[in-house]
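Protein chains in written order, with the numbering used here: chain A, 153 to 561; chain B, 153 to 561.
Just so you know, the hints here were simulated from the structure itself, not pulled from any lab data. Here the structure is a predicted model, which means the values were calculated and not measured. For glycine and all other residues, C-beta sits at the position ideal for the given N, C-alpha and C. Just so you know, not all the hints are guaranteed correct.
Said to hold, decoys possible - Per the computed footprint, the stretches of chain B lying under chain A, defined by three or more beta-carbons under 8 Å from a beta-carbon of chain A, are: (1) 371 to 380; (2) 393 to 406; (3) 460 to 468.
2 protein chains.
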Amino acid sequence: MKIIDGGVTSAKGFKAAGCAAGVKYENRPDMAMIFSEKPCRAAGTFTSNVFKAAPVLWDRRIIREGDGSVRAVVVNTGIANAGTGKEGMRLCEETAKKAAGVLGISPDEVIIGSTGVIGPQLNMEAIFRGIETLSGQLSDTREAAKEASIAIMTTDTHPKECAVEFEAGGKKITLGGMAKGSGMIHPNMCTMLSYLTTDLCISKELLQEALSDVITDTFNMISVDGDTSTNDTLVLMANGEAGNEEITDHGTDYEAFREALHHVALDLARQLAGDGEGATKLLTCHVINAEDVNKARILAKSVITSSLTKAAMYGNDANFGRILCAMGYSGAEFDPEKLDIHFDAEGFSRITVYSDGDRVLFSEEEATELLKQKEVIITADMKEGDAQATAWGCDLTHEYVNINADYRS
Amino acid sequence: MKIIDGGVTSAKGFKAAGCAAGVKYENRPDMAMIFSEKPCRAAGTFTSNVFKAAPVLWDRRIIREGDGSVRAVVVNTGIANAGTGKEGMRLCEETAKKAAGVLGISPDEVIIGSTGVIGPQLNMEAIFRGIETLSGQLSDTREAAKEASIAIMTTDTHPKECAVEFEAGGKKITLGGMAKGSGMIHPNMCTMLSYLTTDLCISKELLQEALSDVITDTFNMISVDGDTSTNDTLVLMANGEAGNEEITDHGTDYEAFREALHHVALDLARQLAGDGEGATKLLTCHVINAEDVNKARILAKSVITSSLTKAAMYGNDANFGRILCAMGYSGAEFDPEKLDIHFDAEGFSRITVYSDGDRVLFSEEEATELLKQKEVIITADMKEGDAQATAWGCDLTHEYVNINADYRS
Numbered sequence: 153m154k155i156i157d158g159g160v161t162s163a164k165g166f167k168a169a170g171c172a173a174g175v176k177y178e179n180r181p182d183m184a185m186i187f188s189e190k191p192c193r194a195a196g197t198f199t200s201n202v203f204k205a206a207p208v209l210w211d212r213r214i215i216r217e218g219d220g221s222v223r224a225v226v227v228n229t230g231i232a233n234a235g236t237g238k239e240g241m242r243l244c245e246e247t248a249k250k251a252a253g254v255l256g257i258s259p260d261e262v263i264i265g266s267t268g269v270i271g272p273q274l275n276m277e278a279i280f281r282g283i284e285t286l287s288g289q290l291s292d293t294r295e296a297a298k299e300a301s302i303a304i305m306t307t308d309t310h311p312k313e314c315a316v317e318f319e320a321g322g323k324k325i326t327l328g329g330m331a332k333g334s335g336m337i338h339p340n341m342c343t344m345l346s347y348l349t350t351d352l353c354i355s356k357e358l359l360q361e362a363l364s365d366v367i368t369d370t371f372n373m374i375s376v377d378g379d380t381s382t383n384d385t386l387v388l389m390a391n392g393e394a395g396n397e398e399i400t401d402h403g404t405d406y407e408a409f410r411e412a413l414h415h416v417a418l419d420l421a422r423q424l425a426g427d428g429e430g431a432t433k434l435l436t437c438h439v440i441n442a443e444d445v446n447k448a449r450i451l452a453k454s455v456i457t458s459s460l461t462k463a464a465m466y467g468n469d470a471n472f473g474r475i476l477c478a479m480g481y482s483g484a485e486f487d488p489e490k491l492d493i494h495f496d497a498e499g500f501s502r503i504t505v506y507s508d509g510d511r512v513l514f515s516e517e518e519a520t521e522l523l524k525q526k527e528v529i530i531t532a533d534m535k536e537g538d539a540q541a542t543a544w545g546c547d548l549t550h551e552y553v554n555i556n557a558d559y560r561s
Numbered sequence: 153m154k155i156i157d158g159g160v161t162s163a164k165g166f167k168a169a170g171c172a173a174g175v176k177y178e179n180r181p182d183m184a185m186i187f188s189e190k191p192c193r194a195a196g197t198f199t200s201n202v203f204k205a206a207p208v209l210w211d212r213r214i215i216r217e218g219d220g221s222v223r224a225v226v227v228n229t230g231i232a233n234a235g236t237g238k239e240g241m242r243l244c245e246e247t248a249k250k251a252a253g254v255l256g257i258s259p260d261e262v263i264i265g266s267t268g269v270i271g272p273q274l275n276m277e278a279i280f281r282g283i284e285t286l287s288g289q290l291s292d293t294r295e296a297a298k299e300a301s302i303a304i305m306t307t308d309t310h311p312k313e314c315a316v317e318f319e320a321g322g323k324k325i326t327l328g329g330m331a332k333g334s335g336m337i338h339p340n341m342c343t344m345l346s347y348l349t350t351d352l353c354i355s356k357e358l359l360q361e362a363l364s365d366v367i368t369d370t371f372n373m374i375s376v377d378g379d380t381s382t383n384d385t386l387v388l389m390a391n392g393e394a395g396n397e398e399i400t401d402h403g404t405d406y407e408a409f410r411e412a413l414h415h416v417a418l419d420l421a422r423q424l425a426g427d428g429e430g431a432t433k434l435l436t437c438h439v440i441n442a443e444d445v446n447k448a449r450i451l452a453k454s455v456i457t458s459s460l461t462k463a464a465m466y467g468n469d470a471n472f473g474r475i476l477c478a479m480g481y482s483g484a485e486f487d488p489e490k491l492d493i494h495f496d497a498e499g500f501s502r503i504t505v506y507s508d509g510d511r512v513l514f515s516e517e518e519a520t521e522l523l524k525q526k527e528v529i530i531t532a533d534m535k536e537g538d539a540q541a542t543a544w545g546c547d548l549t550h551e552y553v554n555i556n557a558d559y560r561s
C-alpha cells in the first residue's frame, strides 16, 4: 500500500466539484458533487441517533434496498435538513430528482448529504442553482477533489482528504476520500459526513463488510463533544474501473483492500478529531494490556470524552486525576491498583504520572512542555490482559464555547 | 412540612464549625466539622466510580459495617485524597484518629470527607491544626452551620443549605443539610459532598431506605459536566434527639420523613446544578408523557448533559435541534414524530418550538429574552404514556473553561 496525495477524484472514473451556492451564507463554498460515469456499488453506515436527518433516511434506503447502482453524491452545508418532518423528506427527494435530471441518471442513483443547522427547511433555489453549477464544473483533477472537500466544511478549519494505492488481482487500485467535522462529533456507526471512492471491483456484500469492519476502530473511536449527530453519514463507492477481477471472497485481495480502507478511514478520523470545534490539539488515548478489547474501547473513549480532562489538556495541565476519574466512571470494571498512566508526545521522553495505582513524582514543567504539543498521547496500561484500543479527541477550549454559544447567528 | 432558614445545626443536638486550616491555600475556609453528642444512626450513598477516594472507602465501611454509631464529620477541601494509594488510606485513618482523640469518641464514629485535587497526599499538619481549631469552635447556632457550609466550598460561588420541620409521632422533627459542588458533578448514587442531619429517631434500615429512595429523582438527576467524581458522598445522620418513638415501619411518620428528605435533597441538588462551574443559569428539563419512568430519566439527563445544548443555552440561542439530537442519541427508543418541545421561564409565556415531530415558527427575539432568565425550563412531551422525570444542569460557559484549564495552579 502506498500513500498518495489525493482525495475523491484519485480513483479512476470519479469526478468532483465544489461551489458557493448561497444555501445559508453568500460567497462561501457550500455545495459539493461527486460523479462516476460508471455505476458504483455502494456501502454506507449512518447515525444511530433516533432523529435521523432526511438525507440519512434517503441514503440508507438506496444503499440497503437499492440494486447497487449509485453514480452521484450531492452535499450541501448550512442547513442539515434534520428535524424537518415530511417536508424535509420531500425536499431531499426533489434535490435527488434535480441532480438526476441534470446528470442524466436516475434519482435513486443519487446520494444526498446535508450538514448545518437542525430545524430550517432547505433553500431549494440555492440548491438547484448549486446543482447546475456543480454539474458544469465536474472534473477528475486533484484540484476538483480539493474544491469538493473545501465545500463540505462547516466549522472545520481545514479540508480533510486521504488517498492510497494498493494492488488487487494484479491491478493497481486507488482508494480516496474526504470528510468533514467538526462539532456534534461522537460518531456511533460512522462520522458526520465522509465520502470514499475507489475503482476496485468488489461484491456489494464484501464492500459493506469491509466498511463496517474498519469503522469500529476508526470513526467510531473519535469524539469532539459527545454529541452523536442526526446526520452522520459515511458512504463508500466502488466503480470497478481499475479492471481487477471482482473480489468475492476473503483472500489476499480483500485483505489488501481492507488494509487500505483502514488506513484512509483512520487518517480521516484522526483529522476530524484534531480539527474538532475550537481544538488546539489532538488527544490520543491508548489503552493497553486490557482484559478484552471492548473494555479497552470503553476506557479509551471515556478519557477522550471527559470535559474535565479535555479542559486540563487545553491548559497544558498534567492533571492525571481527571484521567483516573474518567476511566473509573466509564462503566468498565478493572483493578485500579494495577494502573499505570504515561504521557507522550513526538520529540519528548515519556513522562509516567501514575504507577501501580499510585502517583509518581514528575516535573510539572516538563509535563507542561510536553502537553503543549499538537498531539498528546495518553497511555493507560491496565496490566490485566493483552487487548488494546485507541481513541482520538481534542481539547475543550474557549473557542469551542464561542462557536457553540452563537452557532446560528 | 415547613421550610425554615437553617442547615446542619437546625436539628436538635448537632453542632458545627468551619475554619481556614491552610490545607492547600492560606486564609480560605477549608475545613468543616459536624458533631452530635448523642450517637447517630447514619445512612450514606457513595460514588460508583471504580476509583473511590480513601474517605469514600472509609465512610462506606463505617456506614455499611458499623453498628450505627456515628458522631462526627470532618471535611477538608483543597486535596481530594483520591488516587493516593495505601498512604492515602493511612492518612484518612490518622485524620479520624486525631478527631476522635480531640472529641473523646472512637475513630469509627468519625465520617471523613475530602474534595479538591486528585493525586497529592493530604497536608497532615494543616489537617491536625484544623481539627483542633474546629473542635474548639463547635456551636449549634445558625452561624456555625453557615460557616461549615462555606468551609466545604471549592469552585462553588455560594454555600448550599436547606432545612425543614415536620411532625412524626406527635413530635416536631427537624432535618437540615449542606452540600457542595461544583465541578466533576454527574452524581451516580449521590453527589460530590453532602451532609444531612436530623433529630428524628428511626431504624437504620428505614433511614438508608429513605435516602436511597429519594436520591433517584434528586441528586442522581443533576449534571454539571458529565464527570462522575471519585469522591461523591452523601451522608444522613439521625441522632433521635427529637424524642419521637422510633420509626420502624412504612406508616404516616415514615412518609412525612420521606417527604421532608425529598424536599431537602431536591433543594440542595438544584442548588448544585445552578451553581455548576462557570454557570450563568439553571437548566431544568422535564420529560412528560413518556412510556416509562426509566426512559423519561434517560431522555431528561441526556438533554441537560449535552455540551452543544449547554453552550446554546449560554448563548441564549433557542437551538432546539441540539435538544432533539441529545434525545435521539440518549439510548432511549421513542417515536420522533410525536415529540413536542417547549421553553418556559418564570414570568414568560410558553414558547413552543417543535410540535408533532416538526418545527414551529416562533419569535427568535422572544425566545432569546426567555433564555436569558436564571432558570430555563425545557419540556419534552413524548405523547407515548404517562411517566415523567426531571433533570437539572447548567450552561457551558467561557468561565467553565477558565476554571478547568487551570484548576491546579
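Three residues or more, CB to CB closer than 8 Å: is that satisfied between the region 371 to 380 of chain B and chain A? Contact hint for the region 371 to 380 of chain B vs chain A: holds, 4 residues under 8 Å.
Check, residue by residue, whether the region 393 to 406 of chain B contains three or more positions whose beta-carbon lies closer than 8 Å to a beta-carbon of chain A, and give the verdict. n = 0 at 8 Å, threshold three: violated.
With a cut-off of 8 Å between beta carbons, are at least three residues of the region 460 to 468 of chain B near chain A? Holds: 5 residues of the region 460 to 468 of chain B have a Cβ under 8 Å from chain A.
When each numbered hint is compared with the structure, a violation occurs for hint 2 only.
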